[in-house]
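Novice: Given next are the chains, with one letter for each unit.
Protein chains: 2
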Amino acid sequence: MPQNHAIRFGVIGCADIARKVSRAISLAPNAVIAAVGSRSLDKAKLFAEANGFPDDAKLYGSYEAVLDDPDIDAVYVPLPTSLHVRWAVVAAQKKKHVLLEKPVALNALEFDEIIEACESNGVQFMDGTMWVHHPRTSVIKDFLSDAHRFGELKSIHTCFTFGADADFLQNNIRVKPDLDALGSLGDAGWYCVRAILLAANYKLPKTVLASRDPVLNEAGVIMAAGASLYWEDGKVATFYCSFFSNLTMDITAIGTKGTLHVHDFIIPYQEKEASFYTSSESKFDELVTKWDSQPSKHTVNTDLPQEALMVTEFSRLVGEIKFNNSKPEKKWPTISRKTQTILDAVKASIDRGFEPVHIQE
Amino acid sequence: MPQNHAIRFGVIGCADIARKVSRAISLAPNAVIAAVGSRSLDKAKLFAEANGFPDDAKLYGSYEAVLDDPDIDAVYVPLPTSLHVRWAVVAAQKKKHVLLEKPVALNALEFDEIIEACESNGVQFMDGTMWVHHPRTSVIKDFLSDAHRFGELKSIHTCFTFGADADFLQNNIRVKPDLDALGSLGDAGWYCVRAILLAANYKLPKTVLASRDPVLNEAGVIMAAGASLYWEDGKVATFYCSFFSNLTMDITAIGTKGTLHVHDFIIPYQEKEASFYTSSESKFDELVTKWDSQPSKHTVNTDLPQEALMVTEFSRLVGEIKFNNSKPEKKWPTISRKTQTILDAVKASIDRGFEPVHIQE
Numbered sequence: 001m002p003q004n005h006a007i008r009f010g011v012i013g014c015a016d017i018a019r020k021v022s023r024a025i026s027l028a029p030n031a032v033i034a035a036v037g038s039r040s041l042d043k044a045k046l047f048a049e050a051n052g053f054p055d056d057a058k059l060y061g062s063y064e065a066v067l068d069d070p071d072i073d074a075v076y077v078p079l080p081t082s083l084h085v086r087w088a089v090v091a092a093q094k095k096k097h098v099l100l101e102k103p104v105a106l107n108a109l110e111f112d113e114i115i116e117a118c119e120s121n122g123v124q125f126m127d128g129t130m131w132v133h134h135p136r137t138s139v140i141k142d143f144l145s146d147a148h149r150f151g152e153l154k155s156i157h158t159c160f161t162f163g164a165d166a167d168f169l170q171n172n173i174r175v176k177p178d179l180d181a182l183g184s185l186g187d188a189g190w191y192c193v194r195a196i197l198l199a200a201n202y203k204l205p206k207t208v209l210a211s212r213d214p215v216l217n218e219a220g221v222i223m224a225a226g227a228s229l230y231w232e233d234g235k236v237a238t239f240y241c242s243f244f245s246n247l248t249m250d251i252t253a254i255g256t257k258g259t260l261h262v263h264d265f266i267i268p269y270q271e272k273e274a275s276f277y278t279s280s281e282s283k284f285d286e287l288v289t290k291w292d293s294q295p296s297k298h299t300v301n302t303d304l305p306q307e308a309l310m311v312t313e314f315s316r317l318v319g320e321i322k323f324n325n326s327k328p329e330k331k332w333p334t335i336s337r338k339t340q341t342i343l344d345a346v347k348a349s350i351d352r353g354f355e356p357v358h359i360q361e
Numbered sequence: 001m002p003q004n005h006a007i008r009f010g011v012i013g014c015a016d017i018a019r020k021v022s023r024a025i026s027l028a029p030n031a032v033i034a035a036v037g038s039r040s041l042d043k044a045k046l047f048a049e050a051n052g053f054p055d056d057a058k059l060y061g062s063y064e065a066v067l068d069d070p071d072i073d074a075v076y077v078p079l080p081t082s083l084h085v086r087w088a089v090v091a092a093q094k095k096k097h098v099l100l101e102k103p104v105a106l107n108a109l110e111f112d113e114i115i116e117a118c119e120s121n122g123v124q125f126m127d128g129t130m131w132v133h134h135p136r137t138s139v140i141k142d143f144l145s146d147a148h149r150f151g152e153l154k155s156i157h158t159c160f161t162f163g164a165d166a167d168f169l170q171n172n173i174r175v176k177p178d179l180d181a182l183g184s185l186g187d188a189g190w191y192c193v194r195a196i197l198l199a200a201n202y203k204l205p206k207t208v209l210a211s212r213d214p215v216l217n218e219a220g221v222i223m224a225a226g227a228s229l230y231w232e233d234g235k236v237a238t239f240y241c242s243f244f245s246n247l248t249m250d251i252t253a254i255g256t257k258g259t260l261h262v263h264d265f266i267i268p269y270q271e272k273e274a275s276f277y278t279s280s281e282s283k284f285d286e287l288v289t290k291w292d293s294q295p296s297k298h299t300v301n302t303d304l305p306q307e308a309l310m311v312t313e314f315s316r317l318v319g320e321i322k323f324n325n326s327k328p329e330k331k332w333p334t335i336s337r338k339t340q341t342i343l344d345a346v347k348a349s350i351d352r353g354f355e356p357v358h359i360q361e
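These protein sequence lines map, in sequence, to chains A and B.
Each residue of the first sequence is one higher than the one before, counting from 1 in full-length UniProt numbering.
Each residue of the second sequence is one higher than the one before, counting from 1 in full-length UniProt numbering.
Don't take each hint at face value.
If several chains are the same, the list does not tell them apart, and a pair holds so long as it fits within one copy or across any two.
Claimed, not checked - DSS-like cross-link-like pairs, simulated, lysine-lysine; straight-line CA separation at most 30 Å:
1) Lys58 <-> Lys45
2) Lys327 <-> Lys283
3) Lys283 <-> Lys322
4) Lys94 <-> Lys338
5) Lys43 <-> Lys327
6) Lys95 <-> Lys58
7) Lys322 <-> Lys206
8) Lys272 <-> Lys283
9) Lys95 <-> Lys290
10) Lys20 <-> Lys283
11) Lys206 <-> Lys290
12) Lys94 <-> Lys141
13) Lys290 <-> Lys20
14) Lys43 <-> Lys283
15) Lys176 <-> Lys141
16) Lys290 <-> Lys45
17) Lys176 <-> Lys283
18) Lys290 <-> Lys338
19) Lys297 <-> Lys43
Please keep in mind that the hints were generated in silico from the structure rather than gathered at the bench.
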């Protein structure tokens, strides 16, 4: 693509995750880093230097300045969740396309303000869930959609846990009620729920029930939680997320005819290849002393890391709008909202003393 | 060991599973198959022929005849669960040591009659859970007990599902309320619960809550179910069992410092070796684009299949009682009862409309 067709990104906020996404913007063939804004010009300068920004990238001492820059097509917003609605709405109003970190909002109603602003301003929305852009994910989805190899989904269990250190548990935005009030549920649970939705073909469950013993910190922010989800057709999902356990991220999906195991679904063990395991129509031998066959390992290679593929896809959609008069792709805000809806239901179930919460599509 | 020190087994009932355990008795170095009893002498004969019984094995047309045979030290009881209490109690009264299929009873109170009969007659009790006798299981237990590699257990998920065919769903004892009334919960859930107990160091949870959508057949027998279990210290366990899904059997145990994955914990993929995966202190790289290290695969070899090791251990304990005046080992009935107690709680939670059920140690 001609360089002048590349989508010009501004980054607002210098969170840790912005380092990785800035690199991804540099790696994406259809995007360029054009500006960074922080609450101080010094921080923006330091961030740009530390992350190898191009010399002509603009440095701003405020978020507004990035949004007011007519050379910027799109913004990446890594700010704490409590600031999402404010800055995503302003960005949309300034006709900037919005790539927003997850969780997208503190609740779905708040997220609706973001969607409304994006829709009425004709800008693309996408959340920062990177793993769904890895080519492995579509191969996994093919397996889960295969009537012969997988059949009908009956149960799925997902988890994402990591061991946060003392500094994180004291100071990270994810433990602060005024910043990322959903804590581990919003941070880690988000991915678990997205994987469940992907396997359930993005159909929302009818009922969500939080596990009975979530761990809250002194400020009431969720440090560890789980839930079970129930669909009309009898499908069941469970997930577990925590800041207090060894790093683990699994999808175990069981269908009538097949089984899927993924052990590194959010961040693959390696950048350029990622694997998963499937089995179909598994059987024991006649005397039930061993299996007829073992699961198959599937490996998918990628030249670009998944976060760069996310930026590439987002930039492609933005380019379609900018250069070809296309409409924004609604798939992305739709699945963001479904993910948020389930998080809301888990949170509501906790708040109501572990009552089941019913969801309407 | 001298052949006259080998423990002489009688098998009562010719269930499918008795074929595998008869082979295991033949393989065990300290046991011999000495008799089989069925409701008809013809069936006993056919079973003995089909399963390569020694020529001097006695064939009986009733269960009582096996129990009355003074040459028999121990009985293997593969009868439907509803018959367990009757026949295990009579066996103990006739001073036969009892190797009993799982689930051990329809409920823990019924099982207490079995324990009482075994204790008052000085005979060994063991249930037919084979996988705990695989040498892999003790290596797994070592990992789970390791404060440095695994730390403290925080969450565990187990499952056992298989796709039962139309004949099974119509005719198998496990779908019949008068035979194996606990259905999939007693058959498949038993193993899930045992794995959870092993990881929890056999400490019972304080609360058990059944998943909201169990599948029952027309007779009200459980075909698919799940539950979550909660301990005082905040540990959480979930499990899922089903007759309607592809064959799958997992343990995923997450501790503060380590993670365990097992994908074939009940029946290993192969008879003579079995694997599992561990990771400890797992971390991402600095930019969170990949992992520092991948899980380690551990493989444990065994000359004898796990069911023969079960028979060997049971026979060793019987030998200690018979030849060395030892007392029966209480560990085995104790963990059987704990497993049954949790199954009872899951069943009670289902029967009470998914209320949490509190357990007292």
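Novice: Each hint should be assessed against the structure and marked as holding or not.
Specialist: Cross-check of the supplied hints:
no.: 1; hint: Lys58 <-> Lys45; verdict: within (9 Å within a copy, 90 Å between copies)
no.: 2; hint: Lys327 <-> Lys283; verdict: neither (49 Å within a copy, 41 Å between copies)
no.: 3; hint: Lys283 <-> Lys322; verdict: neither (54 Å within a copy, 40 Å between copies)
no.: 4; hint: Lys94 <-> Lys338; verdict: within (26 Å within a copy, 63 Å between copies)
no.: 5; hint: Lys43 <-> Lys327; verdict: neither (36 Å within a copy, 74 Å between copies)
no.: 6; hint: Lys95 <-> Lys58; verdict: within (19 Å within a copy, 88 Å between copies)
no.: 7; hint: Lys322 <-> Lys206; verdict: neither (39 Å within a copy, 59 Å between copies)
no.: 8; hint: Lys272 <-> Lys283; verdict: between (34 Å within a copy, 18 Å between copies)
no.: 9; hint: Lys95 <-> Lys290; verdict: neither (61 Å within a copy, 34 Å between copies)
no.: 10; hint: Lys20 <-> Lys283; verdict: between (44 Å within a copy, 16 Å between copies)
no.: 11; hint: Lys206 <-> Lys290; verdict: neither (38 Å within a copy, 35 Å between copies)
no.: 12; hint: Lys94 <-> Lys141; verdict: neither (36 Å within a copy, 59 Å between copies)
no.: 13; hint: Lys290 <-> Lys20; verdict: between (45 Å within a copy, 11 Å between copies)
no.: 14; hint: Lys43 <-> Lys283; verdict: between (59 Å within a copy, 27 Å between copies)
no.: 15; hint: Lys176 <-> Lys141; verdict: neither (35 Å within a copy, 37 Å between copies)
no.: 16; hint: Lys290 <-> Lys45; verdict: between (62 Å within a copy, 27 Å between copies)
no.: 17; hint: Lys176 <-> Lys283; verdict: between (49 Å within a copy, 23 Å between copies)
no.: 18; hint: Lys290 <-> Lys338; verdict: between (41 Å within a copy, 28 Å between copies)
no.: 19; hint: Lys297 <-> Lys43; verdict: neither (45 Å within a copy, 45 Å between copies)
In this structure, the earlier hints numbered 2, 3, 5, 7, 9, 11, 12, 15, 19 are contradicted, and the remaining ones agree with it.
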